[in-house]
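A.B. asks: Sequence:
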Amino acid sequence: MSFSKLGLSTPIVKAVADLGYTKPTPIQKESIPAVLSGKNILGTSQTGTGKTASFVLPMLEKLSKNKTQRGKRIRALILTPTRELAVQIEESVAQYSKYLDLSSMALYGGVDVEPQKERLIEGVEILVATPGRLLDLVHQRAVYFDEVEMLVLDEADRMLDMGFIDDITKIIERLPFDRQNLLFSATINEDVRKLADSFSGDGFSGVGFENKEFYDDLEDIVISPSSTTAETISQWLVAIDKDTKSALLSHLILEEKWDQALIFIEKKHGAAKLVSQLEKRGIKADCIHGDRSQAMREKTLAAFKSGELKYLVATGIAARGIDIGSLTRVVNYDLPFKPEEYIHRVGRTGRAGAAGEAISFVAAGDFKNLCAIESRLGHLIGRKEIEGFVVRKEVPVSILNYIPKHLRAGHVGHDNSNPYYGKGTTTKKTEGAGKAAKGRKADAKKEESRQAGKSKKTNAWDRK
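All residue numbers for the sequence shown refer to full-length UniProt numbering, where the first residue is 1 and numbers rise by one.
No false leads were mixed into what you were given.
Distance windows between CB atoms, simulated:
id	residue 1	residue 2	range
1	V397	R193	33 to 41 Å
2	D197	A94	30 to 38 Å
3	K384	K273	21 to 29 Å
4	E279	Q95	29 to 37 Å
5	Y99	Q277	42 to 50 Å
Hints were generated in silico from the structure; no laboratory data involved. Keep in mind the model is a prediction, meaning the values are calculated, not measured. Cβ atoms here follow ideal geometry from the backbone N, Cα and C, with glycine treated the same way.
Input sequences plus hints: build the corresponding full structure.
C.D. replies: Here it is in structure tokens:
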């Protein structure tokens with residue numbers, strides 16, 4: 001099936017062809033006709049499946065066909081969680097619309113606001129924005145939404161994880177009711193579902209509003225369930241002690257002659273430290289994280305995309321907007337806490353059917369996280385031993401149906417609203433109670449052994 005058969009006009013099809021795309025992906029086949037028909041969409045698809053084009057292309061088609069009452073007003077609003085993703089999506093909009101008379105702009109924080117305000121005065125029809133900066137300009141009366149026809153929430157799961165629900169609520173409150181809503185997410189959880197449901201039925205209850213009539217229909221489009229990763233991605237892990245991680249990474253880069261790698265790390269200060277450790281071993285690397293300026297992040301990311309920089313260390317949030325079609329390898333230097341985050345990270349490689357490799361460094365303290373990830377995947381991740389790296393603290397083989405005690409239903413600390421491992425939390429009080437329980441069990445076993453008349457030589461509880 002060609003793009004023209006999906007209902008897209010010649011200028012858009014030509015722009016798509018210029019980029020080398022000839023056939024739509026599954027999410028595009030499903031979403032484009034649905035968006036063109038005016039439906040509200042909840043789209044779920046793995047990273048790297050052409051999700052951006054699935055809403056940008058029909059958006060351009062609709063906007064190019066319909067005239068607005070007042071020119072150069074915002075007609076489509078796309079909200080994203082990160083600056084990098086906003087820039088990336090706006091670049092896609094510009095590429096796909098190059099044969100159309102439509103203007104677009106990326107709006108995000110971390111840069112001077114005055115040029116952005118001037119650009120808005122000149123007129124923008126498609127605005128790609130992060131919630132925080134958008135609200136800042138709303139409060140300054142620099143943004144008006146009275147002509148908005150379409151709203152897109154991209155990476156909705158990440159926006160909710162980052163605490164943007166209040167900002168999203170305030171923005172939605174200001175939008176016209178008679179608009180089309182498109183929500184796209186790599187994963188679906190209860191919060192995302194509530195947000196999607198708020199676009200239909202009786203009103204905005206999912207985002208804090210009541211008794212406001214809205215749309216009647218919401219169509220689910222699910223492609224490639226997010227509990228899996230692409231078959232073209234080779235996944236393997238290395239059991240390693242925390243204090244030898246950087247040495248192992250350097251060894252693999254040099255010995256395996258890795259051409260490129262996106263390296264995920266949890267902490268911002270850890271990213272800079274790792275870059276320094278790599279450079280001491282003769283490996284040029286750089287990092288992106290929330291504390292770096294927007295200009296530096298954009299410069300570093302551009303160098304990585306062009307191939308000038310081969311090894312990029314990134315925190316999970318900062319890497320959310322990275323989209324490199326030919327990325328061959330990702331490394332989980334720190335294993336993520338949430339299974340869905342692992343799936344999203346791995347999805348940075350092996351895009352659109354290409355081969356990719358995902359390597360995870362797993363320490364003994366990561367065992368519970370590993371169990372949760374492999375349980376979500378439905379299989380164990382293959383393990384490799386690297387010569388010269390002997391593990392002092394072994395990582396047990398995972399139990400696919402393992403659920404930590406503090407997350408079991410009815411147990412103190414269990415999050416009954418969360419069906420997945422990874423979101424529950426354990427307080428110090430709960431941990432202390434667990435240790436006390438173990439102590440009582442040990443005392444009971446000790447007493448049983450004594451009552452049975454076992455000798456001290458064979459009774460491990462009496463050895464001192």
